[in-house]
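Since chain A is already given, all that's left is putting chains B and C on it; use the hints.
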Amino acid sequence: MSLLLTIVQTILIGTGVLFFLVGSIGLLRFPDTYTRIHALTKADNLGLGMLVVGLLPFANSPQQALKILLCWVLILAASSVSAYLVANKLQNEEPDA
Amino acid sequence: MISFSVDFWYAGIGAALIALSLLAFLLSKRLLKKLLAFNIMGSGVFLMMVGMAQTQNDGAADAVPQALVLTGIVVAVSATALALVVIRRFALASVVAALAAENKAAENDAAENDAAEKNGAERTGSDTAVSDTTVTDTALTDPNLNKNGDPQ
Amino acid sequence: MIAFDILLGLGMLLAAAGVFWSADLFRAIVMFVVFGVLLALAWLRLQAPDLALAEAAIGAGLTGVLLLDTLSVLRAKKTAAGKLPPVDQQLLNTFTSTRACAAQNNHGKGHENLRFLAVGLLSLGILIALQAALFMRPEAAVNLPSMVAEGIPDAGIEHPITAVLLNFRSYDTLLEVAVLLVAVIIGLSLRIPSNSNEQQAPSSALIGARQAAYAGVISEDGGNDPILRNFTQRLIPLVLVTGGYILWAGSTMPGGAFQAGALIAAAGVIARLAGYNIASRVDQLLRFGLVLGFLVFLTVAASVMFGGRPFLNYPDGWAGSLIFFIEAMLTFSIGLTLLSLFVHSPGDGAEPNAKSSQRSVKSGSTVGSDNGVGNRPPGNSGKAEADHD
Chain A
1 MSLLLTIVQT ILIGTGVLFF LVGSIGLLRF PDTYTRIHAL TKADNLGLGM
51 LVVGLLPFAN SPQQALKILL CWVLILAASS VSAYLVANKL QNEEPDA
Chain B
1001 MISFSVDFWY AGIGAALIAL SLLAFLLSKR LLKKLLAFNI MGSGVFLMMV
1051 GMAQTQNDGA ADAVPQALVL TGIVVAVSAT ALALVVIRRF ALASVVAALA
1101 AENKAAENDA AENDAAEKNG AERTGSDTAV SDTTVTDTAL TDPNLNKNGD
1151 PQ
Chain C
2001 MIAFDILLGL GMLLAAAGVF WSADLFRAIV MFVVFGVLLA LAWLRLQAPD
2051 LALAEAAIGA GLTGVLLLDT LSVLRAKKTA AGKLPPVDQQ LLNTFTSTRA
2101 CAAQNNHGKG HENLRFLAVG LLSLGILIAL QAALFMRPEA AVNLPSMVAE
2151 GIPDAGIEHP ITAVLLNFRS YDTLLEVAVL LVAVIIGLSL RIPSNSNEQQ
2201 APSSALIGAR QAAYAGVISE DGGNDPILRN FTQRLIPLVL VTGGYILWAG
2251 STMPGGAFQA GALIAAAGVI ARLAGYNIAS RVDQLLRFGL VLGFLVFLTV
2301 AASVMFGGRP FLNYPDGWAG SLIFFIEAML TFSIGLTLLS LFVHSPGDGA
2351 EPNAKSSQRS VKSGSTVGSD NGVGNRPPGN SGKAEADHD
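Protein chains in written order, with the numbering used here: chain A, 1 to 97; chain B, 1001 to 1152; chain C, 2001 to 2389.
Hints may contain errors.
Claimed, not checked - Per label pair, the in silico range of CB-to-CB distance: (1) A/T35 <-> C/A2003: 30 to 36 Å; (2) A/L66 <-> C/P2226: 27 to 33 Å; (3) A/L69 <-> C/L2124: 47 to 53 Å; (4) C/P2226 <-> A/G49: 47 to 53 Å; (5) C/L2044 <-> B/N1103: 26 to 32 Å; (6) A/A87 <-> C/V2241: 25 to 31 Å.
These are computed hints drawn from the structure, not numbers from a lab. Just so you know, even glycine gets a beta-carbon here, dropped at the ideal spot from N, CA and C.
Chain A extracted, bound-state conformation (with noise of 0.2 Å):
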C-alpha cells in the first residue's frame, strides 16, 4: 500500500515538474506575449495541481495540508490575475493584435 502511494506520488511529482518545464521552455521559446502567458499559466497550473496532490499526501497534520491547499489557491489565484493584467495591458496598447 505504502508502496503504491510512493509510485503513485512519484509519478504526480514528476509530471508535475516535467510541465513546469514545459511551460518555462514555452516562456523562453514562443513568439510573442500572448502565446507565452498562454504557455505560463495553462502548464504551469496543470503541474502545480499535480504537486499539490502529490505532495498532500506527505502532510502530517491536516493543518499541514490546508496550508498546502491554500497555497495552490493563492498561486492559482494570482497568476491568473496577472495573466490577465498582462494581456489586458497589452490588448489596451495594441486593439489590433
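Chains B and C only, in chain A's frame:
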C-alpha cells in the same frame, strides 16, 4: 576540510558574488545598475557571514549571524528605497534644469543660441545617466511642464 | 542534495551576472528578482528559514517592485522591446557596449580598456583574497550556538533568532530601528513639496497614467479594473492576517517582526499598485506610526532603569510579554516605513502634474513619431491634459 560542506560552498559563492558585483559596480555608469550591484554585494556579504559562522560550527545553525543578517536585510531594503528616492529626485531636478535652459533659450530667441542651449540641456539629461532620453525629450517638447512640475 | 547546492550556487552567480550583463534595465531588474528568489532558496539550504522568509518578501518582492516603479518613473514610457545584445557575447564586449550606449561622452578606447583592466584586476584580487580567507579560517574562538542555547530558558522566548534580536543583542535591533526611522525621515523630506491641496490631487486619469507606466506589471486602467480590484480586496486581508500570524509565530518558530513588517508593507504596496492611495489619506497617522515602534522600544528599554535594572534588561518573568509587545509595535512601524518609502517617493503622485503632462505630450502631440507610445487610448490623454489647465 576537503569534503563538501553546504555552508562552505555558499560562503564561497558569496565571495564570488562580492567580486563580481564589485566589477559591475565600478564599471557600470548607470545609477540604477550600480544600486543593483551594491545590493548583490550585500547579499554576498550576508552569505559569507552565515556560511563562515556555520562552517566553523560544523554545520550547526547559528542564530547570532542569522539574526544580524536579518536586520541587515531590512536595513539594506530601506537603504535601497532611500537611494531610489534620491535617484528620482535627481532625475526630476535634471528635468527642471533642462527646462530652465529651454526657457532661457526661448527668450533669447536666437537660433544659434537656442541650439547651443539645447545641447546643454541634453548634456544635463545624459550626465545623470539614469533617465536615458525621455527626460530631455519631454523637457524639449513640453512647455507646460515648467508651470506645474517646478518645485516651489 | 550536493548536486542541488552546486546548481543553485551557480544559478545565483549566473543570475547576478545576468543583472550586470543586461543592457536593458528592465531585464536587469527581473534578473535581480530571480536572484532574490534563488537566494531565498540558498538560505533554506543554510538552515535559515527566517532569512528565507525575509529574503523572499523583501529581497525578491518589495525591492523588485521599488526598482520597477522607479524605472517606470525614470523612463515614463513603455520599456522599449528587445534590442538586447546577444547573451553569449564576451563579458568584455558587453560591458563596453553597454557603456557606449549609456554614456554618450566616450573617451579614448585605450582609456576605457585601461579602466576595465584595473577594475578587473581589483575584483580578481578581492576574489582570491576572500577565497583564501575562507580556506585559512581560524577555529571559532567562542561557541555562539551553545551560548544561545544556554540563554534561551531565561530569554522569555523560545525561538533563538527572535531571542537574539530582542533580548541578547537588543541594542543592535534598537539602533537598527533608529536607522530605519532616519531613512524614512530623509525619504519623506526629499518629497517634492506637493501643492497637494491643489484641486487635482489624484484624479482617476492621473492614476491611470501613472499605472500605465508600470512597465507591464499592471494594466492601464488598473484603478477601475474590476478583476484587479476584487482580487486586491480579497488578497489584502489575507496578507495582513498572514503578517499577524508570522509575528505571533516568531516566539516559537521562524517568523517575527521583520518578516511580518515586510508582509504588511507588501499589502500596502499591492493596494497602492491597484489604485488605492491609502497612505496619502492618513498622513498624520502615518507619521505617528513611523515613530511608534522606535518610541515603544526605547520607552521599554529606558523604563526598566526605574527598577534599578540596566538599560534594555527586561525584568524577570516579563521578558516574553514585553518582547511580544515591542515586536508588535515594530511590525507596524517597519511595515509603514517600507510602505512610505515606496508611496512617498518623488514622482509618485507627489508631483503628479509633471507626470501627467509628460504623458499627454507623448500621447497627444507626437502621435506616431514616438514608437508605440503614441497609440494609447485617446480618452486617457484628454483627461490628463484637462488635468493641468
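Hints versus structure:
no., hint, result
1, A/T35 <-> C/A2003: 30 to 36 Å, "33 Å, holds"
2, A/L66 <-> C/P2226: 27 to 33 Å, "29 Å, holds"
3, A/L69 <-> C/L2124: 47 to 53 Å, "50 Å, holds"
4, C/P2226 <-> A/G49: 47 to 53 Å, "26 Å, violated"
5, C/L2044 <-> B/N1103: 26 to 32 Å, "57 Å, violated"
6, A/A87 <-> C/V2241: 25 to 31 Å, "30 Å, holds"
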